[in-house]
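In order, the protein sequences belong to chains A and B. Under this note's numbering, the first residue of the first sequence carries the number 14, and numbering increases by one thereafter. Under this note's numbering, the first residue of the second sequence carries the number 9, and numbering increases by one thereafter.
To be clear, the hints were calculated from the coordinates, so they are not data collected in a lab. In this text the structure is predicted, and so the values were computed from the model without any measurement. Accuracy of the hints is not assured; some may be wrong.
To be verified - If you want the footprint, here are the derived chain A segments under chain B, 3+ residues with CB under 8 Å:
(1) 270-279
(2) 285-292
(3) 295-309
The beta-carbon is built from N, C-alpha and C at its ideal position, and this holds for glycine as well.
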Amino acid sequence: MKAVGIIFSNIHDNDVSELARIRTLGSIPFGGRYRLIDFPLSNMVNSGIDTVGIITKNNYQSLMDHVGSGKDWDLARKDGGVILLPPYGELQNSTLYGSRLEALKGITSFIFRADEDFVVMTDCDAVCRINYGDVIESHVRNRADITLVYKKRAIKDENEKATTFDLDKDGRITGVNYKGENDVGEVDNCFTNIFVMKRAFLGDLVMDSISRNKKHFMKDVIAANLKSMKIMGYEFKGYYAGITSLQAYFESNLSLLKQKVSHELFGDRSVFTKIRDSAPTKYGNNAVVKNSMIADGCEILGEVENSILFRNVKVGRGAVIKNSIVMQNSVLGENCSLNCIITDKNVTVTDRKNLSGSMNHPFYIGKGIMV
Amino acid sequence: MIRKKKCVAMLLAGGQGSRLYALTSNIAKPAVSFGGKYRIIDFPLSNCVNSGIDTVGVLTQYQPLVLNDYIGNGQPWDLDRSFGGVHILSPYQGKTSSDWYKGTANAIYQNLHFIKQFDPDYVLVLSGDHIYKMNYSIMVNYHILKNADCTISAIRVPIEEAPRFGILNVKKDGTIYEFEEKPQKPKSTLASMGIYVFSAKKLYKYLEEDNLDPKSSNDFGKDILPKMLACGEKMLAYEFSGYWKDVGTISSLYEANMDLLGERPKFDIFDTSWKIQSRSPLAPPHYVGDGAKTSNSIIMSGSEIFGDVENSVLASDVVVKKGAKVRNSILMSGVTVGENSVVDYAIVDENAVIGKNCFIGEENSAENISVLGRGITVCDGAKIGGGQIVDKDVRGKK
């Protein structure tokens with residue numbers, strides 16, 4: 014049962030607008046050396062999917078740079094492999110797509126050209142390890158038209174626009190709901206934005222929706238056809254971290270400090286990412302590091318606690334870094350102190366600066382800024 | 009258009025490295041791990057690439073599996089080229105004769121056809137067991153500028169160490185007038201680094217002559233170079249003044265690793281202007297736990313540290329469990345140190361597993377480095393003294 018993969022790299026950009034201002038959601042750095050797209054892309058490879066289209070919209074230079082030929086995911090293939098699908102504008106009205114359905118319209122040739130039976134579609138808004146093969150298997154067993162993956166979890170914060178499902182006893186989806194700020198804390202069957210269906214079925218669905226001038230994939234195509242199509246739910250039971258806001262990004266990064274979580278995600282060493290060479294990390298005589306994840310190429314002369322350091326970060330003498338996410342090539346000066354800070358790449362914090370956010374409201378410092 | 013390369017490098021990587029004992033029982037010396045993420049061969053290979061030399065023949069003979077696997081298509085060093093790139097050259101069966109490489113010169117001789125297909129003007133001969141950063145293109149340019157036939161890279165060594173090296177005696181202008189192989193009473197302190205630039209035509213001539221000489225041991229240092237000197241070829245010493253270390257012995261390998269430590273290390277691998285490339289492991293960033301201590305050390309991705317690590321070099325996927333103490337040691341990738349074990353002044357090779365409450369090595373004993381071989385298991389409570397070399401599992405007395 015071969016499947017082709019489609020990854021939407023941009024769809025939730027607005028959820029984490031701080032980090033996605035200069036890049037796609039898929040190229041947001043995560044966990045010390047990864048980017049969000051590494052998770053769906055590696056999941057695809059590990060599920061035996063070797064033709065993957067990545068739909069992009071804007072700001073995708075960083076994504077192109079990261080994915081490159083696809084070599085690091087073993088997806089630089091003569092036959093299949095990874096294909097970047099930039100927006101396809103028409104000469105006359107060349108506005109960029111505004112919805113998932115419009116994005117799919119732009120890649121119908123990709124959908125029809127593939128010869129795999131199934132299609133797996135996913136976004137880059139979550140960190141999890143899922144075997145799409147299992148989803149396809151359940152899809153076939155249920156003789157479903159569409160299978161949607163959900164995760165039973167609490168709705169995190171007021172900004173999260175969760176889509177939830179009502180299911181009957183057989184797992185068929187009978188209702189689609191959209192949650193808002195009044196539902197925080199409620200545990201529900203939250204959609205993970207992972208779809209499985211026959212490739213030809215998706216092609217027909219998209220063509221049909223175009224001719225009927227439909228706009229919204231979930232509302233107009235899925236929710237409107239719960240009776241006429243067999244749409245099944247598939248519960249994902251593993252670790253799942255939705256990147257639905259800056260706060261959620263902060264928390265899911267720090268959750269990697271739990272051994273259970275990092276072993277589930279990385280234990281078998283099969284989350285692939287672009288390999289960049291850095292020297293190993295060097296600890297100075299007075300370095301004090303506790304409960305932290307440190308990527309290669311760092312130089313640590315100060316104190317680091319409950320934090321994640323990306324590649325090539327320098328922590329100056331006497332600096333105290335707590336509960337922070339420090340991205341690649343940032344330099345933290347001598348005797349500075351950081352608490353609950355997210356620095357983007359190439360940030361410089363000068364000597365003796367004190368910066369602090371709070372655990373439920375981390376402070377973000379943009380790319381290349383000197384504080 | 010005739011395609012050619014100005015300079016082709018030939019890297020001698022067939023050495024067994026018997027003085028590294030357990031570390032080279034299954035792998036060739038150039039494949040021995042170094043500095044947390046590298047293998048020794050990364051240094052000459054990266055030097056080649058950084059010097060603009062993109063055609064490298066790697067001559068392998070002894071236990072080549074790990075080395076071949078590691079080099080692969082050369083992609084980590086950007087040496088996966090359609091013309092040139094890195095090539096593994098193993099001994100092969102010929103129509104009329106087939107032989108192991110009999111000596112360094114014979115290894116190159118057997119692969120002359122490889123060199124000739126690139127029609128180079130110069131051939132650079134390197135060895136795969138030295139740690140250093142060097143721009144070969146400056147040396148090649150010096151060779152061209154001085155119109156030399158052979159240029160040998162040399163370094164000043166302390167006079168008391170000179171008897172361990174091949175010593176070059178030179179005139180004021182750098183011309184070599186005499187070789188002394190490991191002299192008892194050295195006349196100079198200029199030691200050969202085993203890096204040679206030859207004008208290609210001269211090299212072909214002397215290798216072909218050497219091959220016909222039944223008395224020759226087919227070695228560069230013993231046969232080819234003295235012969236060229238005797239025949240009046242222009243031979244120059246090129247003096248190098250940077251960090252250079254022959255890591256052919258346990259103690260020199262240990263020292264070279266330790267030279268990476270410190271806030272001003274003797275040998276700087278962080279310098280981004282001369283990057284040492286290597287095949288990187290696919291592992292998440294390393295994790296340092298709550299009760300851990302890490303000082304003056306190098307730690308690589310995938311490792312998990314719950315104990316104390318001091319003055320040590322840790323490669324990827326190393327686990328140091330709670331209460332364990334690792335001091336003054338080198339742990340290669342995949343090593344596990346069990347709860348409350350102490351490792352001091354030791355080199356632990358890849359994937360070795362040390363149980364709980366063990367004591368490996370000796371305190372304050374830099375002269376007696378203990379070595380644990382690849383993949384061995386050391387049972388709980390075992391004690392392995394300073395200077396011991398262990399290449400078999402250590403089981404408890406029952």
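Hint check results:
1. 270-279: holds (count 5)
2. 285-292: It holds: at least three residues are needed, and the stretch 285-292 of chain A offers 6 whose Cβ sits within less than 8 Å of chain B.
3. 295-309: holds (count 15)
The structure fails none of the hints (numbered hints given earlier).
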